[in-house]
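Visitor: Residue numbers (the working numbering), protein chains in the order written: chain A, 1 to 418; chain B, 1 to 418.
By construction, these hints were calculated from the structure, which means they are not laboratory data.
Be aware that one or more of the hints could be misleading.
For chains that are exact copies, the list does not tell them apart, and a pair is met inside one copy or across any two.
As the list claims (entries may be wrong) - Below, a list of computed lysine-lysine pairs in the DSSO-like style, where the Cα atoms sit at most 30 angstroms apart: (1) 221 <-> 5; (2) 303 <-> 199; (3) 115 <-> 19; (4) 221 <-> 196; (5) 30 <-> 221; (6) 221 <-> 199; (7) 221 <-> 298; (8) 100 <-> 115; (9) 221 <-> 154; (10) 75 <-> 104; (11) 217 <-> 196; (12) 404 <-> 303; (13) 214 <-> 154; (14) 104 <-> 416; (15) 221 <-> 161; (16) 270 <-> 165; (17) 412 <-> 242; (18) 217 <-> 5.
Number of protein chains: 2
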Amino acid sequence: MEESKFIEIAEKAKAASKKLAVLPTNVKDKALVNIAQSLNENSEYIFEANKKDLDAAKFLVESGELSKSVFNRLKLDENKMRDMVQGILDISNLEEPIGKVLLKRQLDEGLVLTKISCPIGVLGIIFEARPDVISQISALAIKSSNAVILKGGKEAINTNKAIMKVIQDALDKTEGFPKDALSQIFSRDDVNSMLKMDKYVDLIIPRGGNSLVKFIKENTKIPVLGHADGVCHIFIDESADKNKAIKIVIDAKTQYPSACNSVETLLVHKDFQYREELLSSLENAGVKIVSNPNEWHKEYSDKILAYKLVDSLDEAIEHINEFSSGHTDAIVTENNKNAEIFLSTVDSAGVYHNASTRFADGFRYGFGAEVGISTNKTHARGPVGIEGLTIYKYTLQGQGDIVKDYVEGIKKFNHKDL
Amino acid sequence: MEESKFIEIAEKAKAASKKLAVLPTNVKDKALVNIAQSLNENSEYIFEANKKDLDAAKFLVESGELSKSVFNRLKLDENKMRDMVQGILDISNLEEPIGKVLLKRQLDEGLVLTKISCPIGVLGIIFEARPDVISQISALAIKSSNAVILKGGKEAINTNKAIMKVIQDALDKTEGFPKDALSQIFSRDDVNSMLKMDKYVDLIIPRGGNSLVKFIKENTKIPVLGHADGVCHIFIDESADKNKAIKIVIDAKTQYPSACNSVETLLVHKDFQYREELLSSLENAGVKIVSNPNEWHKEYSDKILAYKLVDSLDEAIEHINEFSSGHTDAIVTENNKNAEIFLSTVDSAGVYHNASTRFADGFRYGFGAEVGISTNKTHARGPVGIEGLTIYKYTLQGQGDIVKDYVEGIKKFNHKDL
Chain A
1 MEESKFIEIA EKAKAASKKL AVLPTNVKDK ALVNIAQSLN ENSEYIFEAN KKDLDAAKFL
61 VESGELSKSV FNRLKLDENK MRDMVQGILD ISNLEEPIGK VLLKRQLDEG LVLTKISCPI
121 GVLGIIFEAR PDVISQISAL AIKSSNAVIL KGGKEAINTN KAIMKVIQDA LDKTEGFPKD
181 ALSQIFSRDD VNSMLKMDKY VDLIIPRGGN SLVKFIKENT KIPVLGHADG VCHIFIDESA
241 DKNKAIKIVI DAKTQYPSAC NSVETLLVHK DFQYREELLS SLENAGVKIV SNPNEWHKEY
301 SDKILAYKLV DSLDEAIEHI NEFSSGHTDA IVTENNKNAE IFLSTVDSAG VYHNASTRFA
361 DGFRYGFGAE VGISTNKTHA RGPVGIEGLT IYKYTLQGQG DIVKDYVEGI KKFNHKDL
Chain B
1 MEESKFIEIA EKAKAASKKL AVLPTNVKDK ALVNIAQSLN ENSEYIFEAN KKDLDAAKFL
61 VESGELSKSV FNRLKLDENK MRDMVQGILD ISNLEEPIGK VLLKRQLDEG LVLTKISCPI
121 GVLGIIFEAR PDVISQISAL AIKSSNAVIL KGGKEAINTN KAIMKVIQDA LDKTEGFPKD
181 ALSQIFSRDD VNSMLKMDKY VDLIIPRGGN SLVKFIKENT KIPVLGHADG VCHIFIDESA
241 DKNKAIKIVI DAKTQYPSAC NSVETLLVHK DFQYREELLS SLENAGVKIV SNPNEWHKEY
301 SDKILAYKLV DSLDEAIEHI NEFSSGHTDA IVTENNKNAE IFLSTVDSAG VYHNASTRFA
361 DGFRYGFGAE VGISTNKTHA RGPVGIEGLT IYKYTLQGQG DIVKDYVEGI KKFNHKDL
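I would like the entire structure built from these sequences, with the hints used as guidance.
Guide: And the structure:
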């Protein structure tokens, strides 16, 4: 696509975002219900498109160009479709996130300040092979009154086009819903165009592997919400309960090794008595232990675990604050004072005591749906729910009030929360 | 300064930030009281340093290299010093912003999630000639448990060094306060080093003119909190009250023309009856009206006002959403429906009805102190108080809980807010 053509898409998205910002809740919810229904009714059409992508992907798996796990994520079936539909209906049932009064304050008699939640504007969402992400992200964008420009993985191009067509048809049928609220781009060039468009695009959300996220973070001035690495740690303290330690580390490493919240580094206090038992349990669970590897920043995404013996809680915390990606880190201990120090001192989005790092997830946290997990230290951190797609503005209602009166002392502020 | 030397400063600031994160409220407040007292006791020392800067600046004003207004902002006197001291004491009296429980939720029996406010980490603050900013920003950083690296304007170098010495001495005397929480850099090269250090610096806050802020935004991957332009608008609707219109526009343009929240563009509905009277009142107040200028993006920062006649509320809103810098825009109208449309549709940090744009200010909003005004659409928007220097993390307290039990249906989440 020519850059000028992309600008046209972006301009239309911006214009649509202004209409979305004032769209009544019932129109948004009706749009979501229509999408859910449309997906249900057109599932065969989508499965056919998905079959084309799967056929093409099979060759790539055979030639080793595509991993088996990417292939599995690409595949849609009745179960995934049911989850997609239910996910959209769940989002329609979430509380209206826009127009919430966050603060109402009288500055003086008749002069009222209101802090009110509003959408961010235009979101640029870039994701890899999972086509079920499209419906979830679209639904979150609609519910939060944001326009969205989507770029899916090229392996899922037919599936994504089919899903978007079904969604678009459902939106066209929804009375009062603005056109151009959702659009789709397809090439790497389009992504590069988008990354430059800070005039139109307010937030970029990449959902995918490290290299995708790193590339995006390094090539845009637009705020990026997400995480590149998921280098999570578990520290087994001297007083850790043996069974909890074994259960938690095995869960955090083997339950879904390629997830960003699975553990990559195990730190064990030198005086933890059951060290040998812990390590042999891990080996029995198929985990390969790498003692003192050359680099501590590595995300294995496999049943491989870096391992280090530490002298103290302090050494563990120092190691984590140096090498953690700030995603999720855990301590296993029966010593509550040590747990408290760990929770307050480790500077990560999630800090856990006696629980598996795998709990770091918007659904498990009860957010209903998640945009992704952020390791940023501004705006939104950790699993990000729909709230992360909102910001606020201040309205001020006066009666002809001017600042001069306050500067000259004719009037005085009389701040009072209403 | 060599880059390696800067890295040393940044590393120490990062280390200090970890200690600040867990510093008890009373130590932080004691530090602030000590600073206030120290500034009071050493005001003569600071005035002497300030005199050096003023003497040097005088030459620059005479040769036209420095504006009279910058010179005035550079000058410290008893009044400004009293305000500085009071400002620090006010900040010490603010509510503790760290460790606030923002959400407490049971995910299941014995598995408790807590969302808790925490500092951002290391702030890089870059500001121009006003030396009184140093004490305010330092106090806000201390209260919010952030470390800070400060770069002041070169015109104020002696004053800034003296103030920092007084502050540092006060901190050294405060038992338990971490060294290296505050540091100062001096050259443009140091700023360039800092802008590259996203490993150490978590947020950059520039306080100064457009070109400073633009330069910084274009040259760093670190989040930047602030605003480059303040192109504010006032729209006089058909039904506007004549007196309110005249009062508000004159206040917004003349009360402090170089402020970022002063109005730059006046839009008047073609059917507003008192147009001629409004324009002549403005001219009588010394305002130069520029009808339909070549560019609508301009921040005059002077008693100059761009002027356009519009056919409708919609045209006014469209103009504002196209050309506003997203700072603060106002409508003057007696038509509440139009006011409502304006407040909900104009996409700016502040949107006002029948009030001067000059109210956009943290003190006027009752925030106690402000970091600056943000036109960002993520993290913090509008006047930013101490809350804008905080983020949150999630702690999870378990009993050996693992995700496998939930994936396999052995256990079920039971989300309940506590």
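Visitor: So, for every hint listed, does it hold in this structure?
Guide: Okay, the hints, checked on the actual structure:
Both within a single protomer and between protomers do residue 221 and residue 5 lie at most 30 angstroms apart by alpha-carbon distance, with minima of 21 angstroms and 28 angstroms respectively. For the identical chains of this complex, residue 303 and residue 199 are inter-copy neighbours only, at 29 angstroms across copies versus 44 angstroms inside a copy, given an alpha-carbon limit of 30 angstroms. Taking the shortest alpha-carbon separations for residue 115 and residue 19, only the intra-copy value of 20 angstroms comes in at or below 30 angstroms, while the best inter-copy value is 33 angstroms. In this assembly of identical chains, residue 221 and residue 196 lie within 30 angstroms of each other by CA distance both inside one copy and across copies; the values are 7 angstroms within and 14 angstroms between.
Taking the closest pair of Cα atoms, residue 30 and residue 221 never come within 30 angstroms of each other, the shortest separation being 35 angstroms inside a single copy and 40 angstroms across copies. Taking the closest pair of Cα atoms, residue 221 and residue 199 come within 30 angstroms of each other both inside a single copy (10 angstroms) and across two copies (17 angstroms). In this assembly of identical chains, the alpha carbons of residue 221 and residue 298 lie at most 30 angstroms apart whether taken from the same copy (27 angstroms) or from different copies (23 angstroms). In this assembly of identical chains, the alpha carbons of residue 100 and residue 115 lie at most 30 angstroms apart whether taken from the same copy (8 angstroms) or from different copies (20 angstroms).
In the homo-oligomer, the alpha carbons of residue 221 and residue 154 lie at most 30 angstroms apart both inside one protomer (25 angstroms) and across protomers (28 angstroms), since each shortest distance falls under that limit. Within a single copy, residue 75 and residue 104 get their C-alpha atoms no closer than 49 angstroms, and across copies no closer than 37 angstroms, so neither meets the 30 angstroms cut-off. For the identical chains of this complex, residue 217 and residue 196 are neighbours both inside a copy (12 angstroms) and across copies (14 angstroms), given an alpha-carbon limit of 30 angstroms. For the homomeric pair residue 404 and residue 303, the shortest alpha-carbon distance between copies (16 angstroms) is at most 30 angstroms, but the shortest distance inside one copy (68 angstroms) is not.
Taking the closest pair of Cα atoms, residue 214 and residue 154 come within 30 angstroms of each other only inside a single copy of the chain (19 angstroms); across copies the shortest separation is 36 angstroms, beyond that limit. With identical chains, the CA atoms of residue 104 and residue 416 are at most 30 angstroms apart both within one copy (9 angstroms) and between copies (28 angstroms). For a Cα distance limit of 30 angstroms, the shortest separation of residue 221 from residue 161 inside one copy, 29 angstroms, qualifies, whereas the shortest one across copies, 33 angstroms, does not. Proximity of residue 270 and residue 165 under a CA criterion of 30 angstroms is satisfied in neither setting, with 59 angstroms inside one chain copy and 44 angstroms between copies.
Only between protomers do residue 412 and residue 242 lie at most 30 angstroms apart by alpha-carbon distance; the minimum there is 25 angstroms, versus 64 angstroms within a single protomer. When the C-alpha separation of residue 217 and residue 5 is checked against a cutoff of 30 angstroms, the pair qualifies both within a copy, at 24 angstroms, and between copies, at 27 angstroms.
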